[in-house]
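Q: Residues per chain, in single letters:
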Amino acid sequence: MAPRQTNAAYCRVVWPYSLVPLGERALTIDLAAVDRGSMRALIHSLDVRLQHDALLGITGRVPAIQAYTLHYEPAQLSANALEAYIASVMASLAIRSESPRDPIIIPVCYGGEFGPDLDVVANTHRTTAEVIVTAHTAGTYTVAMIGFLPGFPYLEGLAPALHTPRRAAPRTSVPAGSVGIGGGSTGVYPCASPGGWQLIGRTPRALFDARRTPPALLAPGDLVRFVAIAPEDWAAHEDAT
Amino acid sequence: MSLTVRQAGIQTTVQDLGRPMWQHIGVPVGGAMDTAAHRIANLLVGNDADAAALECALGGVALQFGHAALVALTGRDISASLDGTPLPAWHAFAAQRGELLVLHAGCRTTIAIAGGIDVPAVLDSRGTSLRAGFGGFHGRALRRDDVLMLRSPTVLADRMRAALDAQHRIVADWGASPSLLPPYSAAPTLRFIEGPEYHLLTDASRILLLGDTFRVAPDSDRMGCRLNGHTLSLVTSREMTSSGVTAGTIQLPPGGAPIVLMADRQTTGGYPRLGDVISVDLPLLAQLRPGDVVRFAPTTIADAQAALRAREADLRRAAHAIALRFADGAAGAR
Numbered sequence: 001m002a003p004r005q006t007n008a009a010y011c012r013v014v015w016p017y018s019l020v021p022l023g024e025r026a027l028t029i030d031l032a033a034v035d036r037g038s039m040r041a042l043i044h045s046l047d048v049r050l051q052h053d054a055l056l057g058i059t060g061r062v063p064a065i066q067a068y069t070l071h072y073e074p075a076q077l078s079a080n081a082l083e084a085y086i087a088s089v090m091a092s093l094a095i096r097s098e099s100p101r102d103p104i105i106i107p108v109c110y111g112g113e114f115g116p117d118l119d120v121v122a123n124t125h126r127t128t129a130e131v132i133v134t135a136h137t138a139g140t141y142t143v144a145m146i147g148f149l150p151g152f153p154y155l156e157g158l159a160p161a162l163h164t165p166r167r168a169a170p171r172t173s174v175p176a177g178s179v180g181i182g183g184g185s186t187g188v189y190p191c192a193s194p195g196g197w198q199l200i201g202r203t204p205r206a207l208f209d210a211r212r213t214p215p216a217l218l219a220p221g222d223l224v225r226f227v228a229i230a231p232e233d234w235a236a237h238e239d240a241t
Numbered sequence: 242m243s244l245t246v247r248q249a250g251i252q253t254t255v256q257d258l259g260r261p262m263w264q265h266i267g268v269p270v271g272g273a274m275d276t277a278a279h280r281i282a283n284l285l286v287g288n289d290a291d292a293a294a295l296e297c298a299l300g301g302v303a304l305q306f307g308h309a310a311l312v313a314l315t316g317r318d319i320s321a322s323l324d325g326t327p328l329p330a331w332h333a334f335a336a337q338r339g340e341l342l343v344l345h346a347g348c349r350t351t352i353a354i355a356g357g358i359d360v361p362a363v364l365d366s367r368g369t370s371l372r373a374g375f376g377g378f379h380g381r382a383l384r385r386d387d388v389l390m391l392r393s394p395t396v397l398a399d400r401m402r403a404a405l406d407a408q409h410r411i412v413a414d415w416g417a418s419p420s421l422l423p424p425y426s427a428a429p430t431l432r433f434i435e436g437p438e439y440h441l442l443t444d445a446s447r448i449l450l451l452g453d454t455f456r457v458a459p460d461s462d463r464m465g466c467r468l469n470g471h472t473l474s475l476v477t478s479r480e481m482t483s484s485g486v487t488a489g490t491i492q493l494p495p496g497g498a499p500i501v502l503m504a505d506r507q508t509t510g511g512y513p514r515l516g517d518v519i520s521v522d523l524p525l526l527a528q529l530r531p532g533d534v535v536r537f538a539p540t541t542i543a544d545a546q547a548a549l550r551a552r553e554a555d556l557r558r559a560a561h562a563i564a565l566r567f568a569d570g571a572a573g574a575r
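Protein chains in written order, with our numbering: chain Z, 1 to 241; chain B, 242 to 575.
There may be inaccurate statements among the hints.
Covered, in the sense of this in silico footprint (three residues per stretch, anywhere, with C-beta under 8 angstroms from a C-beta of chain B), are these stretches of chain Z [claimed, not checked]:
no., stretch
1, 37-49
2, 56-67
3, 118-127
4, 210-219
These aren't lab readings, by the way, just hints derived from the structure by calculation. Note that the coordinates shown come from a computational prediction; the quantities given were computed from them, not determined experimentally. Ideal placement from N, C-alpha and C gives every residue a C-beta, glycine not left out.
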């Protein structure tokens, strides 16, 4: 559903949303009815506004792909007051067309010990590892959301020719920095974790470092490009720890 | 002020009340699984509610004190001793330099020590984020021979300690009144609020969820309490995109065995959400052992918030009573 607009000198947009309680201390703003083209910019505006307002009693924010969850402390903020606040924010929320950002470059060692599933992905698509690497590095990806692990980016924009089913049996431990393909998504594991994605490479960059400011390398809306590097160049790209 | 780990147990971690303000970059909230036990333990030794304490899964933990310390143990079914003398839970006690505290058995025991564990705060919390490997003691569970440092006790803690010494007591005569304790049980009923996909349960599954018991699976951990005994199903599979989840969210993965998300849960999840266990009942769940059983009972947001307010008021009253007793010049402080 497209936002409704008036013919006033300024454009007032009514964003469709519904509120979904998650227990008595969290509330999800479901934005699934917002048109695709405005969704990311809207969630970004909402995030900026909520962060700026820093309403007392809001204890946590979780922007997602088509929803935004707020955690709150009922002793400080009643459910009614929170709903009224959200209504006022949603009624006054404007989105701006963002100036294009430069992509963030993620250097990747593809294949071999760094990407043990590169050949599996190539075989799945009846092609060579080189073609897979070329296709993966040709794309520009957008960070749709951060979740699953600290700093883990859900990246949109994987070429359909690279879509590959997840592994039948997930690995019990995937090394930090692993670049994987899971179905139609691609992403980078910020820390060692169990995981079921096909691993095609690994980056020396730290996607998350709790002692860095900001801790996460990527934020929703960021553009990402992967660049192939040789194993001997690994150390040159490593983040200082 | 230090503490040496002689036996680390199954999983002993440094925890406080977590880091909720970093969820937007995917950082788990973490912190104590049983926040009631954590806060009360800190109260009993004069700490702030969010001071870092130890959380021990089950038993087999032994700690040796490098200095005299004021300590409290809280949790369910605790069996502990100090140099062989049995200790009561939910009471402060004085440990002397060199003495050995042994936690023989428990469910999820909080060990709070006056001053709190001295580890650096990372992203606003001293709690251990096990999966990401940061916070707490070097981002990991404790091991044998680890040496933990303690922060300086508060003025209140010093007065408590002096009061114990003056009375020649080991175990304090102040403790948490039974009414302050969560109603722990090996078969608790957990109140929950219906979640967005609750209405998609088949009639048979809804009857099971509301009427029958579920057993805590052995692979439950700080991320989630896995339940088995019944397989639940939805009338239709729903296309889900990941979004925020909370402590207590009852997820239904494709296998049909529900999982209740706990302290170390991911910030987002993509499974159907049957409901959310209310905050005041999460301590009951945190203290279950594999094989224990739970029942679910629906409640409302208004009732859940009222229960939360009542618990907060109880905790405030208890903190007030302790502060009064040890106020400057109060008889109890001597």
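Q: Now tell me if each hint is right for this structure.
A: Status of each hint after checking the structure:
1. 37-49: With 1 residues closer than 8 angstroms to chain B, the stretch 37-49 of chain Z misses the three-residue bar; violated.
2. 56-67: holds (count 9)
3. 118-127: violated (count 0)
4. 210-219: holds (count 6)
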